[in-house]
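Those sequence lines, one after another, are chains A and B.
Quick note on our numbering: the first sequence kicks off at 12 and runs consecutively.
Quick note on our numbering: the second sequence kicks off at 15 and runs consecutively.
Where hints are given, some of them may not hold.
Claimed, not checked - Distance condition first, Cα-Cα at most 27 angstroms in a straight line; then the derived DSS-like pairs of lysine-lysine: (1) B:K71 x A:K51; (2) B:K71 x A:K115; (3) B:K27 x A:K52; (4) A:K118 x A:K78; (5) A:K51 x B:K27; (6) A:K48 x B:K71; (7) B:K71 x A:K14; (8) A:K52 x B:K71.
Said to hold, decoys possible - With the C-beta cut set under 8 angstroms, the calculated list includes, among others, these residues of chain A facing chain B: (9) S43; (10) K52; (11) A53; (12) P54; (13) F56; (14) M59; (15) T61; (16) L99; (17) S107; (18) Q108; (19) N110; (20) L111; (21) K115; (22) G116.
Because the hints were derived from the structure by calculation, they are not lab data.
Just so it is clear, the structure is predicted and the values come from calculations on it, not from any experiment.
For every residue, glycine included, the Cβ atom is placed at its ideal position computed from N, Cα and C.
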Amino acid sequence: EDKVVQSPLSLVVHEGDTVTLNCSYEVTNFRSLLWYKQEKKAPTFLFMLTSSGIEKKSGRLSSILDKKELFSILNITATQTGDSAVYLCAVEAIGSQGNLIFGKGTKLSVKP
Amino acid sequence: KAGVTQTPRYLIKTRGQQVTLSCSPISGHRSVSWYQQTPGQGLQFLFEYFSETQRNKGNFPGRFSGRQFSNSRSEMNVSTLELGDSALYLCASSSGLAGVQETQYFGPGTRLLVL
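Whenever a hint applies, use it, and build me the whole structure from the sequences.
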């Protein structure tokens, strides 16, 4: 059965800290891995990763995929209180278009 | 471009009733996916529609059904509601074109409470 596991499930840090969120997956016919941020409403898209070893960056956030070891990490540097949210990792398989398999998420709390 | 819209935003029903939720995708998008989000199970895929046809289906009972109209708007219906159906129901849209790697864009969700 396809599955996505995120760790840790929750994390509390202070402003300015750097955090690393983990996502491992088992999926047949992997197509892509996506990261979303959810703040009590609709998940908003962060990154889509399809190739190993290519880092995607957006401001203080970055992510990379390892297709051999079947995991991805999401890094957030110089965290701010506005980064507090649930970060969701999802994978899509070839032939299952429109069907994202989500992990349970990592709840990040950034304290001032 | 307007985002994905969902109506209603909040809904309270009692056990045994049925409910219909609506989702309007981003203009030009032909694929609509539905997800159920609960604290215990997280986000779980219900089904996906593309050009009025159900292309993929998750592991939910037959009480959960959907349809898509020619303008790509989609509805989801849940019959004989159970307490466990209380959840945030999210829809997401994308172009849905084969061979195109793209993200899904989520709507704000409909929060359903079953009493």
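Here is what the structure says about each hint:
Restraint check for K71 (chain B) and K51 (chain A): satisfied, since their Cα atoms lie roughly 26 angstroms apart, inside the 27 angstroms limit. Using a Cα cut-off of 27 angstroms, the hinted pair K71 (chain B) and K115 (chain A) holds, with the two alpha carbons roughly 20 angstroms apart. A C-alpha spacing of about 21 angstroms is found between K27 (chain B) and K52 (chain A), which places the hinted pair at or below 27 angstroms, so the restraint holds. For the hint pairing K118 (chain A) with K78 (chain A), the CA-to-CA distance comes to about 25 angstroms; that is within 27 angstroms, so the pair holds.
Taking the CA atoms of K51 (chain A) and K27 (chain B), the gap is near 22 angstroms; set against the 27 angstroms cutoff, the hint holds. For the given pair, K48 (chain A) sits about 25 angstroms from K71 (chain B) by alpha-carbon distance, which is consistent with the 27 angstroms threshold. For a cut-off of 27 angstroms, the pair hint linking K71 (chain B) to K14 (chain A) stands: about 16 angstroms separates their Cα positions. Using a Cα cut-off of 27 angstroms, the hinted pair K52 (chain A) and K71 (chain B) holds, with the two alpha carbons roughly 24 angstroms apart.
Contact between S43 (chain A) and chain B, as hinted, is supported at the beta carbon level, the nearest pair being about 6 angstroms apart and thus within 8 angstroms. With a least beta-carbon distance of about 5 angstroms to chain B, the hint placing K52 (chain A) at the interface is held under the 8 angstroms criterion. At a threshold of 8 angstroms, the smallest CB-CB gap from A53 (chain A) to chain B is about 4 angstroms, leaving the interface hint in force. This hint holds: P54 (chain A) has a C-beta 5 angstroms from the nearest C-beta of chain B, less than the 8 angstroms allowed.
Here the hint on F56 (chain A) is kept, as its CB sits about 5 angstroms from the closest CB of chain B, short of 8 angstroms. Hint status for M59 (chain A) relative to chain B: holds, with the closest Cβ pair at about 5 angstroms, below 8 angstroms. Proximity of T61 (chain A) to chain B holds as hinted, the smallest CB-CB distance being about 6 angstroms (cut-off 8 angstroms). With 8 angstroms as the threshold, the beta carbon of L99 (chain A) comes within range of chain B, its nearest partner Cβ sitting at about 7 angstroms, so the hint holds.
Against a cut-off of 8 angstroms between C-beta atoms, the interface hint on S107 (chain A) holds, since the closest Cβ of chain B lies about 6 angstroms away. Taking 8 angstroms as the C-beta contact cut-off toward chain B, the hint placing Q108 (chain A) at the interface holds, the least distance being around 6 angstroms. A distance limit of 8 angstroms between C-beta atoms decides the matter here; for N110 (chain A) the minimum to chain B is near 5 angstroms, and the interface restraint holds. A cut of 8 angstroms between beta carbons decides the hint on L111 (chain A): the least distance to chain B is about 6 angstroms, and the hint holds.
At a threshold of 8 angstroms, the smallest CB-CB gap from K115 (chain A) to chain B is about 4 angstroms, leaving the interface hint in force. Evaluation of the G116 (chain A) hint against chain B yields a held restraint, the C-beta minimum of about 6 angstroms falling below 8 angstroms.
In summary, the structure agrees with every hint in the numbered list given earlier.
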